[in-house]
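Engineer: Protein chains in written order, with our numbering: chain U, 49 to 279; chain P, 92 to 298; chain V, 86 to 317.
Hints in this document: simulated from the structure, not taken from any laboratory.
Don't be surprised by glycine CBs; every beta carbon is placed ideally from N, CA and C.
Take these hints with a grain of salt, some might be off.
Unchecked claim - Short derived list, chain U residues pointing at chain P, Cβ under 10 Å:
hint, residue
1, Arg76
2, Val130
3, Ala138
4, Met139
5, Thr144
6, Lys216
Stated by the list, open to error - Below 20 Å or equal to it, Euclidean Cα-Cα: the simulated DMTMM-like pairs (lysine to aspartate or glutamate) are:
hint, chain 1, residue 1, chain 2, residue 2
7, U, Lys216, V, Asp224
8, V, Lys228, U, Glu134
9, P, Lys151, U, Glu133
10, P, Lys157, P, Asp201
11, P, Lys151, P, Asp161
12, U, Lys278, P, Glu153
13, V, Lys228, U, Glu102
14, U, Lys278, P, Glu93
15, U, Lys278, V, Glu203
16, P, Lys158, P, Asp219
17, U, Lys278, V, Glu313
18, V, Lys228, U, Asp279
19, P, Lys229, U, Glu134
Unchecked claim - Stretch by stretch, here's where chain V covers chain U in the computed footprint (C-beta under 8 Å, at least three residues):
hint, stretch
20, 202 to 212
21, 217 to 229
22, 232 to 241
23, 248 to 257
24, 263 to 270
Here are the chains, one letter per residue:
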Amino acid sequence: MTAAETPVRRWLRATGAVFMKDWRSELRTRYAISALVMFVITTISIILFALGGEGASPEVLSGMLWVVIFFAAMSGLARTFVMEEERGTAMMLQLTAAPSAVFAGKLLFNLVLGAGLTVLTVVLYLFFISGFTVQTYSIFLATITLGSIGLAAASTIIAAIIARANTKGTLYPVLSFPILLPLLMTVISATRLAADGMPFSEAFGEFQILISYIVVVVTTSILLFEYIWKD
Amino acid sequence: MELRISARGLRMAFNRRTIFAGIDFSVGHGETLLVAGRNGSGKSTLVKILCGLLTPTGGKVEMTGKKPLDVHARRGQIGLVAPYLQVYDEFSAMENMRLTMALRGLLSDDGAHRSLLERLALDVRRSDPVRGFSSGMKQRLKYALALSHRPSVLVLDEPMANLDTDGMAIVRTIMEEQHEKGILVVATNDPSDVTAVHTRVDLNDRR
Amino acid sequence: MTLRISLGVLLTLVIVAAIGFPISASPRHWYEFPLIPGLEEKARLIFFHVPTAWLSVMAFFTSMVYGILYLRRRDPMDDISSSVAAGLGFLFCILATITGAIWAKFNWGSFWNWDPRETSIFVLLLIYGAYFSLRSAVDVEEKRATLSSVYSIIAAVTVPFFIFIMPRIMTGLHPGAKGDPDGAGPVIDFKMSPNMRVVFFASLIGFTGLFVWMFRLRVRTARLEYFEHAKG
């Protein structure tokens, strides 16, 4: 350790290590990715069958998109914390790394995973669900970007909570839904605006809400994480 | 760094059952602390408190150099080997070593890692996934991980678990060196594991 | 003791007034309520529905405050207070939802319409449900207390967003919502004559007193159970 090593650099290195560990582990085993991909494909197929060739209004289809994304997130974003607890490796992280670095690294991982599942869902949805056409792409792109960031942020802190509980699987959506509802309502509303071809300025209110939601959730998570993480 | 660890009035309770209470001790540079007691008397709990993994219900533990160390500095001075400290078995021994160094925020030196692994007779298998390791090899890897950042305090819970005679010999050398160069803390059922005990905490009947 | 009796008297008076005072088109006596077109007799529900909704929110914040105290002081008594407040809040929230649904059926035709206030009370119900699901999923007391405190803080922080989202997204049925031509602000500014206002605020105070009394009683019981358990 040289004198030039600042605490910030050490923190960044630790955060990077947490992220890279999850990333490399995922690349090697591919558990989460394959489960997520199959989940999205299955769910969209079910929707197609349920629609039975008939259309549904753009309002309904806008909402359905986010239903799929929400449940995909619920099936994949808890893993990063739950796996550590189940395998007993959480202790190694507690022993070596600063709690804030653990949270930051795992949040980053979930941001990437969340972005991946959002993009996959959107692409498949646009391709296969006829009747859902986006007219204002600028609104749509901003919505899925902000939406997936907010989704990852809230999902990560709740994942940290349920990793310490017993019935993790069913508890995760139960705890996440009330917290994510403001986000879901806003992105669904913005998606509808995009589908209806509204000008970008119409969605300013939604974007303001989304950005402040992200800021509030991330800040609160950073403040509270250590209470969850430390025994 | 010359450190001293002192504990005053340590008390631990879970779900309103007290595991131990009134624990005091002090151990300094060049000394060994033995934590003794029957199974279930709370040795591992005390070890976890020492390593910052658990917050005691009452009392406190302090680690002091020239002045008291904060939580973050403490983390950097401790190495732990314990049955409940799991390693990442999808990664190799080298990768685990690089990982634990990076998690501590430290730069890795592959050359130093290799010599440490060599010392623990793991150099040959350093690139194989740990999943394929025997329990003795995993135990030796835990020693490598605990020592890679050259901690002033080495904490061993069941130091000889899963080790054959060769492994035990290596560990005894490590323990002697640590005893001279820093602080050694050993929690064990078997008192013959440790020699030259300076301070002893007996957890039997400490409720 | 006297406080308890006064509370009982107050609430009895409130209930009698709320149910008994006649409603007439041109009130002449002090005990008559004015007729609100479209509401008539159904207006009486206001004396019960709004206080229960108000309490379910107050109880949530009480629970959260005790949660924050627990995180700072690690005193099990704080966690007891937090979960007792949440339990009462859950009860009042269910009452508010039911009285609200009754109101909705008689005034707007169906029990549930997803208007902003209905959705908000439903979300609060979900948060309470999640809170108790979390508590029942953790064995170690200290961890249970910590995790539920943290969750209630996270929930409290996201709830204010509904205040901003609702107006953008929905037109509402509740008085005071977007799209309501007569509404001005929150329900409390609802066209109430002075004597109605007296009964209403008396009801609010009475119900709050009821909550405080129930809270203190249950906390005492819970603490006794706690220490009983510790001995055995």
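Engineer: Any hints this thing doesn't respect? Which numbers, in order?
Structural biologist: 2, 6, 9, 10, 13, 14, 15, 16 and 17
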